[in-house]
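Sequences listed follow chains A and B, in order. The working numbering numbers the first residue of the first sequence as 189 and each following residue consecutively. The working numbering numbers the first residue of the second sequence as 171 and each following residue consecutively.
These are computed hints drawn from the structure, not numbers from a lab. A quick note: this is a predicted structure, and the numbers were derived from the prediction, not measured. Please note that the accuracy of each hint is not assured.
DSS-like mimics (lysine-lysine), calculated; alpha carbons at most 30 Å apart, straight line [claimed, not checked]:
| # | chain 1 | residue 1 | chain 2 | residue 2 |
| --- | --- | --- | --- | --- |
| 1 | B | K658 | A | K327 |
| 2 | A | K357 | B | K658 |
| 3 | A | K191 | A | K276 |
| 4 | B | K556 | B | K302 |
| 5 | A | K366 | A | K276 |
| 6 | A | K403 | B | K463 |
| 7 | B | K651 | A | K350 |
| 8 | A | K283 | B | K463 |
| 9 | A | K366 | A | K350 |
| 10 | A | K376 | A | K366 |
| 11 | A | K376 | B | K463 |
| 12 | A | K261 | A | K396 |
| 13 | A | K366 | A | K329 |
| 14 | B | K463 | A | K399 |
| 15 | A | K366 | A | K261 |
| 16 | B | K463 | A | K261 |
| 17 | B | K502 | A | K350 |
| 18 | A | K261 | A | K276 |
| 19 | A | K396 | B | K502 |
| 20 | B | K575 | B | K586 |
| 21 | A | K329 | B | K658 |
| 22 | A | K403 | A | K332 |
| 23 | B | K502 | A | K399 |
| 24 | A | K396 | B | K463 |
| 25 | B | K502 | A | K376 |
| 26 | A | K399 | A | K376 |
| 27 | A | K350 | B | K658 |
| 28 | B | K173 | B | K586 |
| 29 | B | K643 | B | K658 |
| 30 | B | K586 | B | K182 |
| 31 | B | K463 | A | K366 |
| 32 | A | K366 | A | K396 |
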Amino acid sequence: MEKEQLFEEMKTAVLEGEIEEGEALARKALDLGADPLECIEEGFVAGINEVGELYEAGDMFLPELVAAAEVMKEALAVLEPELARTQKSREILGKVLIGSVEHDIHDIGKDIVASMLTASGFEVVNLGIDVPGETFVGKVKELKPDILGMSALLTTTMPEQKNVIEMLKNENLLGGLKVMVGGAPVNKQWADSIGADGFAENAVEAVKVAKNLVK
Amino acid sequence: MKKRLFEPPNSKLQFQVLSTRDIARINDAALEVMEETGVRFPSSKALDVLEEAGCSVDRETMVAKLPSELVIKTMRQAPTRFLLAGRDPKDDLWIDDRTTYLSTDGCAVDVYDLESGELRRSNRQDITDACKIADYLPEISYIWGPPVSAQDIPAHIRPLHEIQAGMEGTTMHIQPETVISEEIARYALEMAAAAAGGRENLRRRPLFSYMQCATDPLGQDGGSLEASMVAAEWGIPTGFMPMPMSCATAPATLAGNLVVTTVDAVSPLVLMQLVNPGTPVYFAAAPTAIDIKTGGYTGGGPEDFLLAAAFSEICHFYQIPLAMGGFATGAKLPDWQAAVDNSFAGLMPVLTNTSIINGAGTLNGSKIFSLQCLIMDAEIFSIIAKTSQGIEVNDDTLAVDLIKKVGPGGNYLADKHTRKYMRDIWQPLVYDRKPYGQWEESGRRGAFEEATDLARWILENHEVEPLEEGLKKEFASIIEKADRELSK
Numbered sequence: 189m190e191k192e193q194l195f196e197e198m199k200t201a202v203l204e205g206e207i208e209e210g211e212a213l214a215r216k217a218l219d220l221g222a223d224p225l226e227c228i229e230e231g232f233v234a235g236i237n238e239v240g241e242l243y244e245a246g247d248m249f250l251p252e253l254v255a256a257a258e259v260m261k262e263a264l265a266v267l268e269p270e271l272a273r274t275q276k277s278r279e280i281l282g283k284v285l286i287g288s289v290e291h292d293i294h295d296i297g298k299d300i301v302a303s304m305l306t307a308s309g310f311e312v313v314n315l316g317i318d319v320p321g322e323t324f325v326g327k328v329k330e331l332k333p334d335i336l337g338m339s340a341l342l343t344t345t346m347p348e349q350k351n352v353i354e355m356l357k358n359e360n361l362l363g364g365l366k367v368m369v370g371g372a373p374v375n376k377q378w379a380d381s382i383g384a385d386g387f388a389e390n391a392v393e394a395v396k397v398a399k400n401l402v403k
Numbered sequence: 171m172k173k174r175l176f177e178p179p180n181s182k183l184q185f186q187v188l189s190t191r192d193i194a195r196i197n198d199a200a201l202e203v204m205e206e207t208g209v210r211f212p213s214s215k216a217l218d219v220l221e222e223a224g225c226s227v228d229r230e231t232m233v234a235k236l237p238s239e240l241v242i243k244t245m246r247q248a249p250t251r252f253l254l255a256g257r258d259p260k261d262d263l264w265i266d267d268r269t270t271y272l273s274t275d276g277c278a279v280d281v282y283d284l285e286s287g288e289l290r291r292s293n294r295q296d297i298t299d300a301c302k303i304a305d306y307l308p309e310i311s312y313i314w315g316p317p318v319s320a321q322d323i324p325a326h327i328r329p330l331h332e333i334q335a336g337m338e339g340t341t342m343h344i345q346p347e348t349v350i351s352e353e354i355a356r357y358a359l360e361m362a363a364a365a366a367g368g369r370e371n372l373r374r375r376p377l378f379s380y381m382q383c384a385t386d387p388l389g390q391d392g393g394s395l396e397a398s399m400v401a402a403e404w405g406i407p408t409g410f411m412p413m414p415m416s417c418a419t420a421p422a423t424l425a426g427n428l429v430v431t432t433v434d435a436v437s438p439l440v441l442m443q444l445v446n447p448g449t450p451v452y453f454a455a456a457p458t459a460i461d462i463k464t465g466g467y468t469g470g471g472p473e474d475f476l477l478a479a480a481f482s483e484i485c486h487f488y489q490i491p492l493a494m495g496g497f498a499t500g501a502k503l504p505d506w507q508a509a510v511d512n513s514f515a516g517l518m519p520v521l522t523n524t525s526i527i528n529g530a531g532t533l534n535g536s537k538i539f540s541l542q543c544l545i546m547d548a549e550i551f552s553i554i555a556k557t558s559q560g561i562e563v564n565d566d567t568l569a570v571d572l573i574k575k576v577g578p579g580g581n582y583l584a585d586k587h588t589r590k591y592m593r594d595i596w597q598p599l600v601y602d603r604k605p606y607g608q609w610e611e612s613g614r615r616g617a618f619e620e621a622t623d624l625a626r627w628i629l630e631n632h633e634v635e636p637l638e639e640g641l642k643k644e645f646a647s648i649i650e651k652a653d654r655e656l657s658k
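Using the sequences plus the hints, can you model the full thing?
This is the structure we're talking about:
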């Protein structure tokens, strides 16, 4: 099969949100000896870029964006080990650590942000929900991310965002680390008052803010 | 005490979204999901009770599968009507499945300051102010929430202060949605018992009731479950509000959303009936669809309106009262969009004889509280209530003799019949009906400006029976004890 045709099919799988199809195409490409980096860039990322354009034009909607991101995520899971083996690496925009703060069990909004960031070229480590401050701090030390994202849906858990920032400050971990906060009760004033670097009201905006922060 | 008169709506209009067969299919689907897939109850106390009653329980995933017969049997034990008592018995509400009462909305995090008009974070005083305005308005029947979050109070004792702040502004019933752990539930009920004069009096006259949020799809929150198990144990009304959002936490289709809504509203009530058979419970719901562009909460739109009416019809099947989320516009100001959203969101539950609508006063998808919006929402509800009365047709209202007497070209202005019935015609509180010239002269004042003046007047002049000194002392000692225990 022509390489170009394979890339075209990958793009289509992303555009149509066909997760299994994307994964199968990634495997097929490796079987055929295709360059995994080329598959990512010419196939899947090209699809993501087109989805982004269609979304901006109002022709695609968030569920389609999330599905495209899922296709990308699963394809990367297949292609990245091979990429590592050939000692090549794809260009990533930055590393993001993300989680819902302690005592907060809400995951959907945060998970949408995580998959959109993955699809946009970030490496994302999702710590899940109810993440204690110590865990955030420990993981920041261990993984040295560019961005830490913290979600809180309740006014009672929102102060935890502030606590974590203070813990990071006390350990001198804020140099080189950008902190983003989000969640229903969070607004710009709150984000500013606790010394966060970024705040977004939805996932699409979060990607834009994250891109700006790593510029 | 309310000075103006208002008859809460008991709609006489004919309106239907779902057929009897549709309702049966949705209910059957919900029973199938509860029995075969189950619901997550992340509380070992809750799982113990469910397992004991014959549910199959997976302790690892904390999912309980509820046999259909158990669901049907336990739901039959729930009373079809119950009392939400006020501190002043004149504010008592008998909740049934005919009359519709409007409460305030709950837990906004920002307010538009009445004096400066600026947006700012909410505090304890805002609760008392909102409750005082609600206390004045006969269209508002009880306090849900608190209307805003008391963010100037430490989080571990905030719910208790919020209840007291509410009671300082009104003698109406209070239904907090922030009592979400067993510990805080016990302290809150101690406060309620102190106010009611003992636990037995409280059971007979519940001054508080609890509302919890479900964790859709097919899930509940552990702390909230345990808090409401305390309420059930005390015989205090409690309900759980699912808020499935089509495309995100529910199928995109409205029928599928209704299945998830039904599962998440019914399943916790099964647990409550097992804890205390016959304890008063109610359904609650605020089903909606995401903004497919951003994934955000919309606070209004045709899906919400249809879902509200349809779920009300499903609840009538169970003969258990429903508290429906409404008046939750996504508009940032009390403007055209807010009026469109809140008119439909208020009308649909009334047309389907929903027991409660929660509630009035917020903007930006329940995140901003506005005292003017509270007054204007009350006015919308008053219009809906009047509309839902329909038209009475009898000899006297047909007025054939009168029409013949006045004849062609006459008028009815001074007739006795006119004077007898004219007061049935709806009268506004803040609606602008000024002639154009006067409106221009007034500085183009409309409903919002009238509502601002009225809010100021109420805060200055409306008197609410204060809490007795002895009760305040009891509250202080309960809150102090809670502070000691819960700050550990």
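Restraint check for K376 (chain A) with K366 (chain A), where alpha carbons must lie at most 30 Å apart: Holds, at roughly 16 Å.
Below or equal to 30 Å on CA atoms is what counts here, so check K463 (chain B) against K366 (chain A). holds, 27 Å
Take a quick look at whether K191 (chain A) and K276 (chain A) sit within 30 Å of each other, Cα to Cα. holds, 20 Å
With a cut-off of 30 Å on the C-alpha distance, tell me whether K173 (chain B) and K586 (chain B) pass. holds, 27 Å
Sort out whether K276 (chain A) lies within 30 Å of K261 (chain A), counting only the CA atoms. holds, 18 Å
For the pair supplied as a hint, K357 (chain A) and K658 (chain B), is the alpha-carbon distance within the 30 Å limit? OK: K357 (chain A) and K658 (chain B) at ~25 Å, within 30 Å.
Satisfaction of hint between K261 (chain A) and K366 (chain A), Cα-Cα up to 30 Å: holds, 24 Å
K463 (chain B) and K399 (chain A): Cα distance at most 30 Å? holds, 20 Å
Given the proposed pairing of K502 (chain B) with K376 (chain A), does the C-alpha separation stay at or below 30 Å? Cα-Cα ~16 Å, so holds.
Restraint status (C-alpha distance of K658 (chain B) to K327 (chain A) at most 30 Å): At roughly 27 Å apart (the allowed maximum being 30 Å), K327 (chain A) and K658 (chain B) satisfy the hint.
Does K502 (chain B) lie within 30 Å of K396 (chain A) when you go C-alpha to C-alpha? holds, 23 Å
When you check the alpha-carbon spacing of K403 (chain A) and K463 (chain B), does it fall within 30 Å? Holds - the C-alpha atoms of K463 (chain B) and K403 (chain A) are around 26 Å apart, at most 30 Å.
Violated hints for the displayed structure: none, as all numbered hints are satisfied.
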